[in-house]
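**Q** Listed below, chain by chain, are the residues.
Number of protein chains: 4
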Amino acid sequence: MMIKAGIIGSTGYAGAELVRLLLAHPEVEIAWYGSRSYVDKKYASVYQNFFKLVDAKCMDDNMEELADSVDVIFTATPQGLCASLVNDDILSKVKIIDLSADFRLKDVNVYEKWYGIKHAAPQYIDEAVYGLCEINREDIRKTRILANPGCYTTCSILTTIPLVREFVIDANSLIIDAKSGTSGAGRGAKVNNLFCEVNESIKAYGVATHRHTPEIEEQLSYACGQDVLINFTPHLVPMNRGILVTAYANLNENVTYEDVKAIYEKYYGDEYFIRLLDKDVCPETRWVEGSNFVDIGFKIDERTGRIIMMGALDNLVKGAAGQAVQNMNLMFGFKENLGLELVPVFP
Amino acid sequence: MMIKAGIIGSTGYAGAELVRLLLAHPEVEIAWYGSRSYVDKKYASVYQNFFKLVDAKCMDDNMEELADSVDVIFTATPQGLCASLVNDDILSKVKIIDLSADFRLKDVNVYEKWYGIKHAAPQYIDEAVYGLCEINREDIRKTRILANPGCYTTCSILTTIPLVREFVIDANSLIIDAKSGTSGAGRGAKVNNLFCEVNESIKAYGVATHRHTPEIEEQLSYACGQDVLINFTPHLVPMNRGILVTAYANLNENVTYEDVKAIYEKYYGDEYFIRLLDKDVCPETRWVEGSNFVDIGFKIDERTGRIIMMGALDNLVKGAAGQAVQNMNLMFGFKENLGLELVPVFP
Amino acid sequence: MMIKAGIIGSTGYAGAELVRLLLAHPEVEIAWYGSRSYVDKKYASVYQNFFKLVDAKCMDDNMEELADSVDVIFTATPQGLCASLVNDDILSKVKIIDLSADFRLKDVNVYEKWYGIKHAAPQYIDEAVYGLCEINREDIRKTRILANPGCYTTCSILTTIPLVREFVIDANSLIIDAKSGTSGAGRGAKVNNLFCEVNESIKAYGVATHRHTPEIEEQLSYACGQDVLINFTPHLVPMNRGILVTAYANLNENVTYEDVKAIYEKYYGDEYFIRLLDKDVCPETRWVEGSNFVDIGFKIDERTGRIIMMGALDNLVKGAAGQAVQNMNLMFGFKENLGLELVPVFP
Amino acid sequence: MMIKAGIIGSTGYAGAELVRLLLAHPEVEIAWYGSRSYVDKKYASVYQNFFKLVDAKCMDDNMEELADSVDVIFTATPQGLCASLVNDDILSKVKIIDLSADFRLKDVNVYEKWYGIKHAAPQYIDEAVYGLCEINREDIRKTRILANPGCYTTCSILTTIPLVREFVIDANSLIIDAKSGTSGAGRGAKVNNLFCEVNESIKAYGVATHRHTPEIEEQLSYACGQDVLINFTPHLVPMNRGILVTAYANLNENVTYEDVKAIYEKYYGDEYFIRLLDKDVCPETRWVEGSNFVDIGFKIDERTGRIIMMGALDNLVKGAAGQAVQNMNLMFGFKENLGLELVPVFP
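Chains A, B, C and D supply the protein sequences, listed in that same order.
Okay, so the first sequence: first residue is 1 according to my numbering, each after it adds one.
Okay, so the second sequence: first residue is 1 according to my numbering, each after it adds one.
Okay, so the third sequence: first residue is 1 according to my numbering, each after it adds one.
Okay, so the fourth sequence: first residue is 1 according to my numbering, each after it adds one.
Since the hints were derived computationally from the structure, they do not count as laboratory data.
Small disclaimer: the values here were computed from a predicted structure and weren't measured.
It is possible that part of the hints are untrue.
Copies of one chain are not kept apart here, so a pair can be met inside one copy or by any two copies together.
[Stated by the list, open to error] As a list, the in silico DSSO-like pairs of lysine-lysine whose alpha-carbon atoms are at most 27 Å apart:
id	residue 1	residue 2
1	K190	K41
2	K106	K190
3	K52	K261
4	K113	K299
5	K57	K190
6	K4	K266
7	K261	K279
8	K279	K106
9	K299	K42
10	K266	K52
11	K4	K261
12	K113	K279
13	K52	K190
14	K335	K279
15	K261	K41
16	K190	K42
17	K41	K4
18	K41	K299
19	K93	K261
20	K52	K279
21	K57	K335
22	K106	K261
23	K118	K52
24	K57	K113
25	K279	K190
Please put together the full structure from these sequences, using the hints given.
**A** Structure (structure tokens):
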């Protein structure tokens with residue numbers, strides 16, 4: 001069974017990565033390269049890596065028309081757009097995988113507070129499934145509207161959630177210090193993202209205000225059954241791809257390396273996309289680049305009674321397009337890692 | 001038909017790229033991860049990107065033993081090694097694809113002069129086929145010993161050879177200014193290749209003495225039937241992958257853009273791995289990264305009567321491991337681009 | 001004697017580098033930080049490196065007012081602006097150092113053809129002095145309007161001109177392959193200059209059409225007394241600063257390394273800012289970063305009868321702001337290297 | 001008064017930075033370029049940035065001989081060397097500024113435990129002064145043996161100590177997540193520090209075991225009069241220079257932005273080298289590169305009751321050589337910022 005996919009926002013970095021992955025997917029044909037900014041321009045002239053591989057031109061954001069011609073729509077657009085376009089008619093015809101934040105948060109007030117915009121379609125929030133496959137696999141299979149998690153969020157949650165769920169750590173003591181490659185900042189023409197401004201520097205940004213914070217908190221709250229407040233600080237790193245999360249938390253009890261390892265194994269031992277590293281091996285973003293893997297390691301600090309959990313992923317793959325395809329695979333009954341058995345590219 | 005492959009020198013960058021490509025190849029199983037420096041060490045602990053994907057340990061360089069157990073041996077080793085190991089018995093059992101320079105040059109004196117070592121097996125030079133698929137396809141299919149071209153060489157020859165063959169340019173006026181990412185310098189622990197030494201800098205090296213020079217000259221000489229002497233200057237660029245060649249030559253006659261384009265089309269119009277860019281589009285290494293493509297463009301400068309030809313490839317793929325796999329496909333009767341339909345990874 | 005300087009265009013990269021250099025100059029006080037885009041904004045909030053060092057706010061481009069209050073005006077602006085503002089009254093009050101291309105070319109037709117704009121003040125072209133200090137030192141001392149050379153131009157001319165002047169090489173055979181760091185592309189918010197677009201890539205641009213070509217040709221023509229046409233190809237390199245020029249030319253006669261070295265010594269032996277490297281040492285941009293030095297080396301290729309000349313400088317210092325200060329020193333009778341004895345910063 | 005300086009370990013990155021700074025210092029002459037690995041080699045051939053600026057050859061590590069000929073010795077060597085060379089006779093003749101860890105920790109057991117070597121000269125530990133100028137200024141003026149702080153340590157302590165001292169934060173809740181450029185890893189030829197291994201990646205290392213941890217703890221313990229245990233995690237960033245510290249701590253009481261700002265002002269308001277950033281401005285390493293500044297900012301997170309303190313410095317300047325020169329200035333009665341009024345270099 002071959003399905004047809006449409007991409008709204010195909011000329012952002014996440015959209016282009018979707019194109020890369022779907023071109024190599026044996027069961028999908030891309031039928032619509034949406035990009036409001038480049039309508040009628042050859043897609044391969046915007047992303048020359050697709051020269052000779054994609055012949056199509058960019059199309060407008062017409063979700064109605066798209067719904068009639070494809071099986072799945074990916075929206076890789078700024079927050080607000082997907083919610084403003086979706087409606088009952090569309091949802092009756094097509095499945096939607098939204099890479100924006102519109103349907104990630106269950107509490108519309110939290111959404112409106114952190115994003116500073118009014119939610120245009122709150123009636124679909126309940127129905128939408130949060131697409132962290134390793135956590136919500138069964139619900140994902142059944143949904144027609146999928147909220148693809150944020151890049152920082154995916155890395156933060158997957159790195160910490162087993163220990164939150166098992167009450168090994170005090171979730172409210174969690175401090176997540178995250179570092180991202182620059183593709184996470186998008187392809188907008190901003191001085192701050194120019195080569196010379198990013199190269200040879202590192203900085204924190206969005207300190208105590210970054211929008212992925214409530215998304216992490218909400219999922220961790222579900223995991224432990226109580227409200228969780230954390231600190232989350234993103235940093236911009238002079239590299240193209242990759243997110244590294246270094247998470248600190250107080251241990252609730254005395255645990256050994258083996259205890260903690262066993263918990264991670266319990267949750268992730270059978271997960272294809274999560275690689276639990278050997279003792280004393282720290283994740284590095286270079287080892288996951290281009291792939292859908294998340295590498296996870298940890299270290300107990302007996303001196304301070306804390307644990308340091310670390311996770312690495314490729315922000316454009318497992319942090320965006322790859323996870324979207326993984327979700328698509330679940331939603332359409334394909335093998336979960338179909339088209340995603342990507343070997344990380346190094347160096 | 002599934003074949004077995006052995007890699008000698010699997011822990012260099014080219015060797016590791018071979019592993020990446022062969023893991024994704026539907027007709028090959030890697031049976032031997034050779035690496036003298038890491039014998040008995042888990043391969044995936046040397047290249048952590050293969051964690052959970054490769055379980056094997058590194059083996060010694062035993063070509064005799066290897067010849068009994070595999071169908072094809074790749075030698076991704078420094079010059080001299082392959083020539084010192086190969087013999088009639090081995091060649092009767094297995095096909096060899098040598099990524100080093102040992103069998104690239106037909107004139108053993110030229111080899112010994114530029115490489116400064118004695119050739120250990122000159123008796124196989126004649127039999128060896130120079131593995132530039134787009135040029136020597138038919139001979140490659142039949143050989144049992146394949147000399148995989150150098151990275152700079154592949155880019156330089158493919159970019160210029162149609163115009164040399166058709167006498168559009170004066171081959172002896174050729175000046176090739178090449179720029180390479182740092183993986184071309186190998187994984188040896190040298191101060192000059194440390195991050196801080198390479199980053200934020202560019203330099204020429206091996207000026208007028210680089211060993212890829214005679215390799216380019218020999219192939220271009222065959223193409224035009226006369227001895228060719230060129231200038232070739234490599235440069236080290238602060239990036240991981242990629243080679244860009246900017247080649248200058250005097251035009252022999254008045255030609256238009258269309259004339260030249262037609263010649264390129266004649267030679268490469270049907271080649272899957274060569275992408276002739278549109279008018280006024282210059283190749284950029286980012287658009288071929290991770291793939292086996294060569295992107296080629298050119299510009300006629302009427303003021304000076306010269307043409308500037310430009311080519312870009314990924315030095316580890318089309319410049320090394322990808323071309324080796326392309327050669328293997330030809331040698332074993334597989335579809336030429338099997339396992340090599342890699343979409344370039346950007347950013 | 002302390003002089004006052006005004007900078008028009010102080011928030012571009014060259015303008016900011018002028019600020020860095022002038023702050024450390026013992027005889028200059030910056031009295032005007034011009035920047036049309038940031039009027040009334042604190043200069044140090046645009047370039048946070050000057051926090052606590054510069055308290056001033058950005059001012060408009062009012063050259064009339066500026067002429068009444070300072071001794072020298074630097075225009076670090078796009079071509080066309082300086083020519084449109086300058087007039088007799090201003091020139092009677094103040095000296096102008098123009099970092100744009102407006103007064104570099106003596107032939108106004110060449111200017112208008114390559115830049116595609118009408119020259120607004122051709123009457124001052126004759127009076128303007130081309131500010132390559134090592135070539136035009138005496139004229140520079142006397143002028144009131146100084147055309148500061150382009151970055152590529154400075155590197156290209158200084159690297160090749162002694163051999164052109166002495167007819168050691170055939171100037172019309174010159175092929176200049178230049179590589180520049182990304183600060184040369186300016187601070188404009190363009191997608192092409194985003195971190196992810198530049199990083200991990202190299203490309204040629206402006207092939208056969210770059211505007212520094214006629215500037216190089218004009219100066220080399222003066223040097224050898226005949227019209228010179230060359231090929232000049234710039235490349236964008238993923239680093240912040242630095243230009244490397246690799247120049248190829250046919251030798252007119254048999255010369256030895258010592259012959260050529262003697263010619264370079266004749267012209268540059270006493271120049272503080274030009275460092276003639278030892279035999280077989282190639283210039284690298286990392287060794288000049290942050291300084292006003294130009295490092296020059298060369299290699300004779302007896303096989304092809306050509307010479308490869310190489311030069312490296314920091315495009316923002318000797319290629320722009322440093323050279324401007326060197327010119328200022330000459331124009332105001334200061335020691336030529338005052339405030340410019342900068343030790344290159346490595347790594 | 002001109003003094004003479006000798007450098008032991010002048011060919012490491014910190015040693016070379018000392019050379020850069022001392023060459024520009026008006027009161028110092030470098031009399032000895034020590035480097036065991038490069039004895040008799042021209043210093044400028046090891047660091048080509050000093051070509052034409054330094055004519056000297058590298059000398060051996062003879063501290064006895066050195067003590068007779070210079071006023072101050074800088075040891076920029078691995079831990080253990082300085083302690084093994086120093087003795088009463090030497091200390092009677094010369095002042096020593098040790099950039100290694102030998103005299104930083106007052107408790108010799110802590111030193112021997114974390115560094116895994118026996119301390120060769122524990123008798124001088126008490127006399128040695130910890131050279132964090134902003135904290136220990138008066139003691140530094142009087143000492144003859146100075147322990148120059150570590151790079152991470154300098155940044156970590158200066159960023160947090162005012163709030164520790166004033167009990168605004170719970171020192172034992174401190175979590176310091178630090179990010180460093182690669183020059184911090186030294187110039188040793190190791191595979192892990194090759195360009196291709198560091199570029200396009202980020203990783204934590206030395207998790208819960210890094211040797212700067214006890215150094216930070218000791219100084220913070222002095223500040224608050226009680227034992228302090230913290231978490232400190234360093235990360236390797238693909239850039240040459242720069243350290244960014246992101247420090248998290250629980251607030252002991254309700255404080256406002258103004259309260260905290262006032263405390264920082266109290267301690268640092270008059271410090272030339274510490275720049276307290278404006279509200280909501282986060283430090284970025286690019287803004288301090290090449291200078292001796294430390295930029296500090298902070299953000300209160302009312303949701304979690306924590307504060308996030310951030311500091312940035314250049315690891316080779318304020319984190320090593322610059323601080324050493326600042327200490328030297330104090331020890332010899334020079335103006336504290338003599339030779340150190342370096343404007344940060346951007347981009």
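**Q** All hints are to be evaluated individually against the structure, with a verdict given for each.
**A** Quick rundown of the hints versus the structure:
1. K190 x K41: Classified as both; 22 Å inside a copy, 18 Å across copies.
2. K106 x K190: neither (32 Å within a copy, 37 Å between copies)
3. K52 x K261: between (47 Å within a copy, 16 Å between copies)
4. K113 x K299: between (36 Å within a copy, 19 Å between copies)
5. K57 x K190: both (26 Å within a copy, 22 Å between copies)
6. K4 x K266: neither (36 Å within a copy, 36 Å between copies)
7. K261 x K279: within (9 Å within a copy, 42 Å between copies)
8. K279 x K106: Close neither inside one copy (37 Å) nor across copies (33 Å); limit 27 Å.
9. K299 x K42: between (49 Å within a copy, 22 Å between copies)
10. K266 x K52: For K266 and K52, only the inter-copy Cα distance (17 Å) is at most 27 Å; the intra-copy one is 45 Å.
11. K4 x K261: neither (41 Å within a copy, 36 Å between copies)
12. K113 x K279: between (41 Å within a copy, 22 Å between copies)
13. K52 x K190: between (30 Å within a copy, 26 Å between copies)
14. K335 x K279: neither (31 Å within a copy, 43 Å between copies)
15. K261 x K41: between (51 Å within a copy, 23 Å between copies)
16. K190 x K42: This pair counts as both: shortest intra-copy Cα distance 24 Å, inter-copy 20 Å.
17. K41 x K4: within (21 Å within a copy, 45 Å between copies)
18. K41 x K299: between (50 Å within a copy, 24 Å between copies)
19. K93 x K261: neither (44 Å within a copy, 47 Å between copies)
20. K52 x K279: Intra 45 Å, inter 15 Å, cutoff 27 Å: inter-copy only.
21. K57 x K335: Answer is neither: 30 Å inside a copy and 30 Å across each miss the 27 Å cutoff.
22. K106 x K261: For K106 and K261, neither the intra-copy (31 Å) nor the inter-copy (37 Å) Cα distance is at most 27 Å.
23. K118 x K52: neither (42 Å within a copy, 41 Å between copies)
24. K57 x K113: neither (38 Å within a copy, 35 Å between copies)
25. K279 x K190: between (42 Å within a copy, 22 Å between copies)
The structure fails to meet hints 2, 6, 8, 11, 14, 19, 21, 22, 23 and 24 from the earlier list, while all remaining hints are met.
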